[in-house]
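Trainee: Take a look at the letters that make up each chain.
Protein chains: 2
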Amino acid sequence: MRGLTGVSLADLAEAVGLSKSGIFKHFDSKEDMHMAVVEAVMDRFAEVIWKPAEALTPGRERLEVIFERWLHWAEEEWPDSGCPVTALSVELDDQPGPLRDLLHKRLQGWRKTMVREFRALRDPPLSEAEAQAAYFQMKSFVLGHSDSRRMMGDDDAKRSANAAFEALLDRTCRAAA
Amino acid sequence: MRGLTGVSLADLAEAVGLSKSGIFKHFDSKEDMHMAVVEAVMDRFAEVIWKPAEALTPGRERLEVIFERWLHWAEEEWPDSGCPVTALSVELDDQPGPLRDLLHKRLQGWRKTMVREFRALRDPPLSEAEAQAAYFQMKSFVLGHSDSRRMMGDDDAKRSANAAFEALLDRTCRAAA
DNA sequence: TAGAAAAGAGCACGACCGGTCGCTAAATTC
DNA sequence: GAATTTAGCGACCGGTCGTGCTCTTTTCTA
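From first to last, the protein sequence lines stand for chains A and B. In this text, residue positions in the first sequence follow my numbering: the first is -19, and each later residue adds one. In this text, residue positions in the second sequence follow my numbering: the first is -19, and each later residue adds one.
It is worth saying that the hints were derived from the structure and are not from the lab. Quick caveat: nothing in here was measured; it's all calculated off a predicted structure. Don't take every hint at face value.
[As the list claims (entries may be wrong)] The calculated lysine-lysine pairs, modelled on DSS-like cross-linking and capped at a C-alpha distance of 27 Å, are: (1) A:K138 <-> B:K92; (2) A:K85 <-> A:K31; (3) A:K85 <-> B:K138; (4) A:K138 <-> B:K85; (5) A:K138 <-> B:K138; (6) B:K138 <-> A:K92; (7) A:K138 <-> A:K31.
[Unchecked claim] Derived list of chain A stretches under chain B, where covered just means 3 residues or more per stretch with a C-beta under 8 Å from a C-beta of chain B: (8) 15 to 24; (9) 54 to 64; (10) 70 to 79; (11) 109 to 118.
Glycine included, each C-beta is placed from N, C-alpha and C at the ideal position.
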């Protein structure tokens, strides 16, 4: 990936068919643009991943749909660049400022949502700690999937990730209350 | 992180106390430098993570040491920038060329080593597929650990990763042959 | 110790960087 | 229909980019 810093105004101008100066009628600065990019990416993330699951009732099936959509998002929605959420995280995690803060806020919101989903996986509900541990693993498998597929060229990455996630759901459901 | 592209020759020159042109007596081009960076990073990776485990016999304890060193590597060896292997992977996974090829080769070598380690975790040894699945999860937890700690600000990330890894070892040892 | 070779400094280059300016033309509002 | 806002353009700014060239200084070797 090229990252936010790796895309110049000239690149962008050519891509959208505008002049550099034309772009500045829509954004005050490059950082202003970057903020809009983060917002747009996270909005799209929610639409692609959360929306299809919204209709379902909380529980295992919903989590399975979310996980499937999450892999799909990275694999099909961004076949060239790779998942922009991961890219933004790696690029911004040591760059303090409003941009990182915005991404952090959106990701925390998502995390909170997902922990809630995991709590509802079992009756009686999982403890907060159990749900957090489960989400940690879920997100790990998403990251592992991208790494395996993109960097290691592993065509079975999706299968590996799915198997790991299914096993995670199995043992999380089964765990004693 | 700033990435290879994000570090200019002027930055580097200042950091090492040389002039820009002075640097060119050691490297033919910036790409030549990048190759050396990838080599150096992977050499250091092996030294920090593999070397302390080398003395041990293959098996669970060795894997535990490797995992501990791997987390340590990301957390203590690179407290500011984050794990450079992850950074390089994300930066280069869609940039075909000798640089990506070099990183790919070194990472494949590491993967092969680790899969071998996992096979030796049990007697009778794990199948190739089982060992690959286990390594997929191990690497996922490493990635999850960095993401949780650096982007999400989770101080318990190490604990979460360790718990997940121990559980992985448990059920991998226990699995029927 | 003379001379070669290596390490480094200084400078200049063309290309590109993010950003501003003044202008035009289209759209919107009054 | 006049006035004002908006979208967009090309030219241009000061700076930085990677890199080549020449010259000096250090270091190694015969």
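Trainee: Are the hints correct? Go through all of them and say.
Mentor: Comparing the hints with the structure gives:
1. About 19 Å separates the Cα atoms of K138 (chain A) and K92 (chain B), which keeps this hinted pair within 27 Å; it holds.
2. Using a Cα cut-off of 27 Å, the hinted pair K85 (chain A) and K31 (chain A) holds, with the two alpha carbons roughly 20 Å apart.
3. Pair hint K85 (chain A) plus K138 (chain B) holds up; C-alpha atoms about 22 Å apart against a cutoff of 27 Å.
4. A threshold of 27 Å between alpha carbons decides the hint, and for K138 (chain A) with K85 (chain B) the separation of about 22 Å falls inside it, so the pair holds.
5. A threshold of 27 Å between alpha carbons decides the hint, and for K138 (chain A) with K138 (chain B) the separation of about 26 Å falls inside it, so the pair holds.
6. For the suggested pair K138 (chain B) and K92 (chain A), the alpha carbons sit about 19 Å apart, so the restraint of at most 27 Å is met.
7. Restraint check: the Cα-Cα separation between K138 (chain A) and K31 (chain A) comes to about 21 Å, which is no more than 27 Å; the hinted pair holds.
8. Residue count for the region 15 to 24 of chain A with a Cβ under 8 Å from a Cβ of chain B: 0. That is fewer than the three needed, and the coverage hint is violated.
9. Counting residues of the region 54 to 64 of chain A whose beta carbon lies closer than 8 Å to any beta carbon of chain B gives 3, which reaches the threshold of three, so the coverage claim holds.
10. Counting residues of the region 70 to 79 of chain A whose beta-carbon sits less than 8 Å from any beta-carbon of chain B gives 5, enough to reach three: the coverage restraint holds.
11. For the region 109 to 118 of chain A, the stated coverage by chain B holds: 4 residues have a C-beta nearer than 8 Å to a C-beta of that chain, and at least 3 were required.
When each numbered hint is compared with the structure, a violation occurs for hint 8 only.
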